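Trainee: Mind docking chains S and A on chain D? Use the hints.
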Amino acid sequence: MMAALASILMLAGAVILVIAAWGVVRLPDALARQHAATKAGTLAVAVVALGALLAMPSGDWAWRLVALVGFLLVTLPVASHLLARAALREQRLDDAAARSPLVGHETGAEGRIAPRSPRETGSAPRQR
Amino acid sequence: MKLVIALRLLLIFAWALVTSGIATIRIILSASLGGDAPAAGFVRFYYAPMSDQGATILAAMITLTPGTTAIDIDPDTRTMTLHLLDGAGAEGAIADIRRSFEPPLVRLFGARP
Amino acid sequence: MNALLDPAVVAGLVAVLSAIAAGLGVYRLIAGPTNADRIVALDILLAAAVVLCLCASLATGRTVFLDVGLGVALTGFVGTIGWARAVERGMPREAPAKGAGPRARAKERS
Numbered sequence: 006m007m008a009a010l011a012s013i014l015m016l017a018g019a020v021i022l023v024i025a026a027w028g029v030v031r032l033p034d035a036l037a038r039q040h041a042a043t044k045a046g047t048l049a050v051a052v053v054a055l056g057a058l059l060a061m062p063s064g065d066w067a068w069r070l071v072a073l074v075g076f077l078l079v080t081l082p083v084a085s086h087l088l089a090r091a092a093l094r095e096q097r098l099d100d101a102a103a104r105s106p107l108v109g110h111e112t113g114a115e116g117r118i119a120p121r122s123p124r125e126t127g128s129a130p131r132q133r
Numbered sequence: 003m004k005l006v007i008a009l010r011l012l013l014i015f016a017w018a019l020v021t022s023g024i025a026t027i028r029i030i031l032s033a034s035l036g037g038d039a040p041a042a043g044f045v046r047f048y049y050a051p052m053s054d055q056g057a058t059i060l061a062a063m064i065t066l067t068p069g070t071t072a073i074d075i076d077p078d079t080r081t082m083t084l085h086l087l088d089g090a091g092a093e094g095a096i097a098d099i100r101r102s103f104e105p106p107l108v109r110l111f112g113a114r115p
Numbered sequence: 019m020n021a022l023l024d025p026a027v028v029a030g031l032v033a034v035l036s037a038i039a040a041g042l043g044v045y046r047l048i049a050g051p052t053n054a055d056r057i058v059a060l061d062i063l064l065a066a067a068v069v070l071c072l073c074a075s076l077a078t079g080r081t082v083f084l085d086v087g088l089g090v091a092l093t094g095f096v097g098t099i100g101w102a103r104a105v106e107r108g109m110p111r112e113a114p115a116k117g118a119g120p121r122a123r124a125k126e127r128s
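Chains as they are written, first to last, in the working numbering: chain D, 6 to 133; chain S, 3 to 115; chain A, 19 to 128.
Looking at chain D on its own, in the form it has when it is part of the complex (with noise of 0.2 Å):
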């Protein structure tokens, strides 16, 4: 039964990782992609790994494994913000980002934004 769900994980996230990397060829932009690559690609690894934690069931595996996928949990979105920007770069679209529409109501305690502090208003304007 164990060695059976064991089988099922790993070949579930082998396919999740095909999935991901057709998505990385099939997908229009650069930003689209990175969504592939990273996500799926880590949800692979992660289903693939929980796989083999059920088929060798020991503290040796066991440790290394939750290791791997924990390091991968914590990488991510780092991954994912810096590809998204390398990506905004490449494609000329920081405009579009920085002029893209402002959804919702800000959510003070006074409903208006918190006003600034003269450390803050003194910084130069970040460099696009």
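Just so you know, these hints were derived from the structure itself, not from any lab. Keep in mind that this is a model prediction, so the values were computed, not measured. One or more hints might be untrue.
[Stated by the list, open to error] Covered stretches of chain D (chain A as the covering partner; in silico rule of three or more C-beta atoms under 8 Å from a C-beta of chain A): (1) 9-17; (2) 26-35; (3) 61-72.
[Claimed, not checked] Here are some, though not all, of the chain S residues that point toward chain D, as calculated from beta-carbon distances under 8 Å: (4) L9; (5) T65; (6) T71.
Think of the CB as a built atom: it goes at the ideal place given N, C-alpha and C, for glycine as much as any other residue.
Mentor: Leaving out everything else, chains S and A in the frame of chain D:
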């Protein structure tokens, strides 16, 4: 108390990873089967008042929600710029962020003085 | 059916599938119109490499390859970050020429 909130946040984090992966896969498959890629788009929104660490963790968690990636945080105006794989679902995605991610983070990292 | 319960056999199948994924990644690495696309391809190759490491350790039953996978994940992350920063900070405007070294880039920036 804070530990409980942090643990719940960790669970939400893990769940967000699974759903985001599945949603991304669905978008890839529908894009390649239907031949019609979704129109990606950018959106900005105001995030709840919290410290810089809280905003960073919020950005990390947003990156883990389906089809969204945080691109820029502006602490001066308290806005965050997101890239959406499915530009049509912007309102829903932001309502989701407000509902499930912001309350525990605000409790942990509090309003900025 | 019973063969599918053997971790080593499953590991072989998973290895074949991740090799396919790596092939798709290589296609994007070569074809990618922008440098950002190539870094994204690098990321998917990294995921495939980690899965292949898992396969190797399942097939041999030794944990050594898990350590290798951990190392691949660590160094690959640093590589992704480094390249993404390099692209974001400004490569040459045109498609990077073959001989565009650091000096050429510095001249471009000034």
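Trainee: Which constraints among the numbered hints does this structure fail? Numbers only, ascending.
Mentor: Violated hint: only 4; rest satisfied.
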